[in-house]
Structure formats: structure tokens, C-alpha cells
Amino acid sequence: KAGVTQTPRYLIKTRGQQVTLSCSPISGHRSVSWYQQTPGQGLQFLFEYFSETQRNKGNFPGRFSGRQFSNSRSEMNVSTLELGDSALYLCASSLVYLAGSGTDTQYFGPGTRLTVL
Amino acid sequence: KNEVEQSPQNLTAQEGEFITINCSYSVGISALHWLQQHPGGGIVSLFMLSSGKKKHGRLIATINIQEKHSSLHITASHPRDSAVYICAVSWGGSQGNLIFGKGTKLSVKP
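Residue numbers (the working numbering), protein chains in the order written: chain A, 1 to 117; chain B, 1 to 110.
Extracted from the complex, chain B is given alone in its bound form (with noise of 0.2 Å):
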């Protein structure tokens, strides 16, 4: 069974600050996912990563398949990056098969 942990629970920034957060997950995996769900449920789909690092304008994602670690940052955080930010993993050959933590609640105050 694979066990998907994210760290921090909640999280509170300043404007402005760079933030990161963390996944570790137990088992090999096919790919890791970064995903972001604002209030009102919708959630988008940040990464997919099964190597190295990605960039999406403020937002980077690396992932160490050696340790299983995973790491969110987000550069020049903004009120607008407030959300929940969820790490899943796909295993067993189907990215359809995720499974997913806890997620990070980030608020970020002007």
C-alpha cells in the first residue's frame, strides 16, 4: 500500500514570501502529481513530474525518486496563491489510480 504524506498541514505566509511544501510517499511510483484546489472544490492540475525538477511561472516542482520525496515552491507568493494544495501519486500503471494526501492549506495575507 502506498502511503502519500504532505507537510505542512496549514501554512501561512506574507506576500511576497517563498513557500514550500513537502510529499513523501513509501512505495516506487509511475509519476507524482501537484494539484491545486481553490474554495469552492475545483481543482487543477499544477505537475506532473517522474524526474527532476518542472517550472510553471512562479511555481516549481522537483521530485528525488531516490528518497521519494517531492517538493512544491512557490516563489513571490500572492493573496491569489491561497488554496489547497494536494500531492498525489500514480502507481500499478494507471495514472487514473491516484493516491493522494492530505493536502496543504495555504493562505498567503497581503
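In isolation and in its complexed conformation, chain A is listed as follows (with noise of 0.2 Å):
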């Protein structure tokens, strides 16, 4: 079973430009979470989907933003790029989201680097 893959794997963008990152959850997993792990802050929670909706957000600015399609794969797109946006951002997919027990592993992708010059 191949697993959670990410798109591209390696990006430089310029200040002011918008960037789309793409995540494909291993097959039949229909939750996918987000992740930024910077130097400074450690492993961040950006947001979480399960079926097409967003379930949970984290702290971000709105410049962040999500979706998920029909068939669970997932994007992530930040607008107007900061130099503090640079980071590994990592997605991860679990089979089914289960609120209030948080009893599923999660998958963890290879994660995308992002570099704003």
C-alpha cells in the first residue's frame, strides 16, 4: 500500500506570491491533517479534514487556507508569501476521524520545503 505522498517535495518562492501544496492520503484514509514545522516553533497544527469539511483549524493567519476533495486528496495554499513562512510543512492521514476518543494513527507524508526568498 503506497503511502502518504506530498507535491511537490521541494519549492523557493519569492515574498508576495501564493503557493499550493498537495497531499495524497494513503488509500481509503479520509482524514488529512496539516503541519508546519519551523526551527522556532516546532511541529505546528495548521488544520484538519474529513470528508471534503474542515474539522479543526489552528492558530494561523487567513493567509492559510485548505480543502479536500472527493477522494480525500487534499491541498493547502498560502496567499501573499511571508519570508516567516518558510518551513517544512507536512501533511498526515489517518483512516477515520473519531471525535472525542483521538484513538488513530497518523501517517506522516515526506513533507514539502518551502523556502520564501
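No wet-lab data here; the hints were simulated from the structure. We put the beta carbon where it would ideally sit given N, CA and C, even for glycine. Take the hints with a grain of salt, since some may be wrong.
As the list claims (entries may be wrong) - Distance windows between CB atoms, simulated:
1. B:39 to A:28: 25 to 35 Å
2. A:10 to B:105: 20 to 30 Å
3. A:12 to B:38: 20 to 30 Å
4. B:53 to A:53: 30 to 40 Å
Make one complex out of these two single chains by using the hints.
If you want it as C-alpha cells, here you go:
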């Protein structure tokens, strides 16, 4: 079974541009979460999608947005890029969204390393 | 707000040593996760636990819900165990909404 795939793996953009990152979950997984990792802040939760609906959102500005398609693939978009958006962006998938239990393992993709110049 | 604290931040061990990494959190959780991140960024989920103890090979994870504390143990450490180990907690009903510790960088010398 193929793992979580993310494209592109590396990306260089300039300030003010926008970027779209893609995540394909493990076949059959319906929940996709996005995370940002920086040396200063570590790993931070961005948002979670299940059945094409955003279920949770972290403490990030509105420039960060996402969506999920009917095949569970997900995209995240960052508009008006800032230098501080340089980070490793990770997505993770899990089989289901289990409200109130938190008992499903997440499987992480390799990440997209975004550099903003 | 849930805070997740890990200790130590850095750990150097000799091959074969028994290793313990600790994680404390401040608010009730639905599950605690131990993750491993190798250079290059890939993250692997090692354990997810909400009570008791779990074992996988040379790795053991325990959690004490009353004390809001978890430990990750590595027995007979090996250089290939060198990685960053991250503790994360899920709360608020969604296992996707994880709050992460800063990680423990482990280096095992041959």
C-alpha cells in the first residue's frame, strides 16, 4: 500500500507570491491533517479535513487555507508569502475521524520544504 | 491551552545503553503520541496510547494519566536509533489536532 505522498517536495518562492501544496493520503484514509515545522516553533497544527470539511483549525492567519476533495486528496494554499512562512509542511492521514476518542494513528508524508526569498 | 514539555532536549548515549525520554502535559488529553523524525524530515508514528504501556521491539512507551506524564524507553540502543523523538498530545476530540513538544534529539554513538 502506497504511503502518504506530498508534492512538490521542494519549492522556492518569493515574498508576496502564493503557493499550493498537495497531499494524497493512504488509500482508504479519509482524514488529512496539515502541520508546519520550523526550527523556532517546532511542529504546529494547521488544519484537519475529513469528508471534504474542515474539522479543526490551528492558530494561523487567514493567508493559510486548505481544502479536501471527494477522493480525500487535500491541498493547502498560502497567499501573500512572508519570509516566516519558510518551513517544512507535513501532511498526515488517518483512517477515520473519531471525535472524542483520538485513537487513530496518523501516517505522515515526507513533507514539502518551502523556502521564501 | 495545553503545554507539552519534553526532557531532555538533547541526549547522547553509547550503543547498548538504556534510554528514557520524558514528556509532561498540562491538560487532560484523549491520546498521547510518540513520533520519530530522522534527518531529512520524515516522521514515523511510534506509539499512540491513552493508558498503560505499549511495547514494540526495543521500544516501550508508558503513560500515567493522573500525573500527566509519559515516558519513551529504548532498550539496547543502537546508532540507527539516532533521531529526534517528539511527544504530541491530542485533545478536544480530534486526533488530528495535535500539540507537539519541542522534541528530544538522540544521538547513539557506536
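Practice prompt. Could you tell me which of the hints above the structure violates, numbers in ascending order?
Written response: none
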